[in-house]
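Asks: Here is what each chain is made of, one letter per residue.
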Amino acid sequence: MLDAEFFLRWMNALARAVDREAARLTELDAAIGDADHGTNMRRGFTAVAAALEKDAPDTPGAVLTLAGRRLISTVGGASGPLYGTLLRRAGKALGDEAGVSRAQLAEALRAGIAAVARLGGAKAGDKTMLDALEPAAAALDESFAAARAAAEDGAAATVPMLARKGRASYLGERSVGHRDPGAASSALLVGALEEAAR
Amino acid sequence: MTGVVGIVLVSHSAQVAAAVADLARRLAGSGDGVPVAAAGGTADGGLGTSADSTARAAREVDRGAGVAVLVDIGSAVLTVKALLAEGDELPEGTRLVDAPFVEGAVAAVVTASAGADLDAVVTAAEEAYGYRKV
Numbered sequence: 335m336l337d338a339e340f341f342l343r344w345m346n347a348l349a350r351a352v353d354r355e356a357a358r359l360t361e362l363d364a365a366i367g368d369a370d371h372g373t374n375m376r377r378g379f380t381a382v383a384a385a386l387e388k389d390a391p392d393t394p395g396a397v398l399t400l401a402g403r404r405l406i407s408t409v410g411g412a413s414g415p416l417y418g419t420l421l422r423r424a425g426k427a428l429g430d431e432a433g434v435s436r437a438q439l440a441e442a443l444r445a446g447i448a449a450v451a452r453l454g455g456a457k458a459g460d461k462t463m464l465d466a467l468e469p470a471a472a473a474l475d476e477s478f479a480a481a482r483a484a485a486e487d488g489a490a491a492t493v494p495m496l497a498r499k500g501r502a503s504y505l506g507e508r509s510v511g512h513r514d515p516g517a518a519s520s521a522l523l524v525g526a527l528e529e530a531a532r
Numbered sequence: 042m043t044g045v046v047g048i049v050l051v052s053h054s055a056q057v058a059a060a061v062a063d064l065a066r067r068l069a070g071s072g073d074g075v076p077v078a079a080a081g082g083t084a085d086g087g088l089g090t091s092a093d094s095t096a097r098a099a100r101e102v103d104r105g106a107g108v109a110v111l112v113d114i115g116s117a118v119l120t121v122k123a124l125l126a127e128g129d130e131l132p133e134g135t136r137l138v139d140a141p142f143v144e145g146a147v148a149a150v151v152t153a154s155a156g157a158d159l160d161a162v163v164t165a166a167e168e169a170y171g172y173r174k175v
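For the protein sequence lines, the chains are A and B, in the order given.
Every position in the first sequence, counted from 1, becomes a number in this note's numbering once 334 is added.
Every position in the second sequence, counted from 1, becomes a number in this note's numbering once 41 is added.
Among these hints, one or two may not hold up.
Claimed, not checked - Which stretches of chain B does chain A cover? Using the computed rule of at least three CB atoms under 8 Å from a CB of chain A, they are:
{"id": "1", "stretch": "89-97"}
{"id": "2", "stretch": "118-127"}
Unchecked claim - Taking CB as the label site, the calculated pair distances span:
{"id": "3", "chain 1": "B", "residue 1": "Y170", "chain 2": "A", "residue 2": "A479", "range": "47 to 55 Å"}
{"id": "4", "chain 1": "A", "residue 1": "A390", "chain 2": "B", "residue 2": "A84", "range": "19 to 27 Å"}
{"id": "5", "chain 1": "B", "residue 1": "D85", "chain 2": "A", "residue 2": "A364", "range": "15 to 23 Å"}
Simulated from the structure, these hints should not be mistaken for laboratory data.
Just so you know, even glycine gets a beta-carbon here, dropped at the ideal spot from N, CA and C.
Chain A on its own, in the form it takes in the complex (with noise of 0.2 Å):
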């Protein structure tokens, strides 16, 4: 059972992580988009890892929706309600429930791209989060690591991938060849979750 200290740890998980690589991900998307997913990422993750210190919930559902709302509210850029949506939706799927299991977890998990996918309105092979997302939540039902390597082929997959949404389609042509940041963070998010299984 998945209880929501496992969640806390999933968040601060992703916090050091995305602390660690913000450099990486704005590298990434000054490549094919305006040079500041770290930045909004790190602030992002920061202000969600305050937020649960200050006031931890006690449900995994509630852990998820404090943090998709904090996304919302603090991170600027596109990233923030794509993210927040992601886990504000996936909390909300998981109702109050004192634990789930990992299956119970993927399906939250694919509620929330779900309706990630309806709020960009993209779908898998434009180069974007869902290309990470969708196997990962796929290969949730298997194992957290699987989940990780999906993930990470995933966000791989994006490199000859045309950009059909966000900044990055205005580039046409010019968009292939470079790995979709946001695909890159969405593999962060997965590996937290393998980490916080540990």
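We have chain A already, so just place chain B on it with the hints.
Replies: For chain B alone, coordinates are given in the frame of chain A:
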């Protein structure tokens, strides 16, 4: 609903939001008739959009007749959609308008200043896409 429709302008840039608000007010000649609020830039003064200042602006212009929110690009669109999905963050009757930012803002403020309801304001702003320049 009674009262006048409020207008919120959300841009990545504080200057763009404020300047378009000013332009729309002046071209509409509405004086203080139509409440127009600008929500531009991030909380710390940088480029980007702020969910908090967007929600604050919507509450500020709400007179009970609905609020039309016009946005520029990217995160401005996503931020307002995410706030609307939240349910209780924006005043009742808040609508995200699919319109060009400058032209749509002028059309919205002019229409609202004539006492039109939210549907008419939204329609006028969206029709601004149809005005060809060449």
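Asks: Work down the list of hints and note, for each, if the structure agrees.
Replies: Verification of the hints:
1. 89-97: holds (count 5)
2. 118-127: Check passed, 7 qualifying residues.
3. B:Y170 - A:A479: 47 to 55 Å: The hinted range 47 to 55 Å holds for Y170 (chain B) and A479 (chain A), with Cβ atoms some 49 Å apart.
4. A:A390 - B:A84: 19 to 27 Å: Since A390 (chain A) and A84 (chain B) have Cβ atoms about 25 Å apart, the given range 19 to 27 Å holds.
5. B:D85 - A:A364: 15 to 23 Å: holds, 21 Å
Comparing the model with each numbered hint stated earlier shows that all of them hold.
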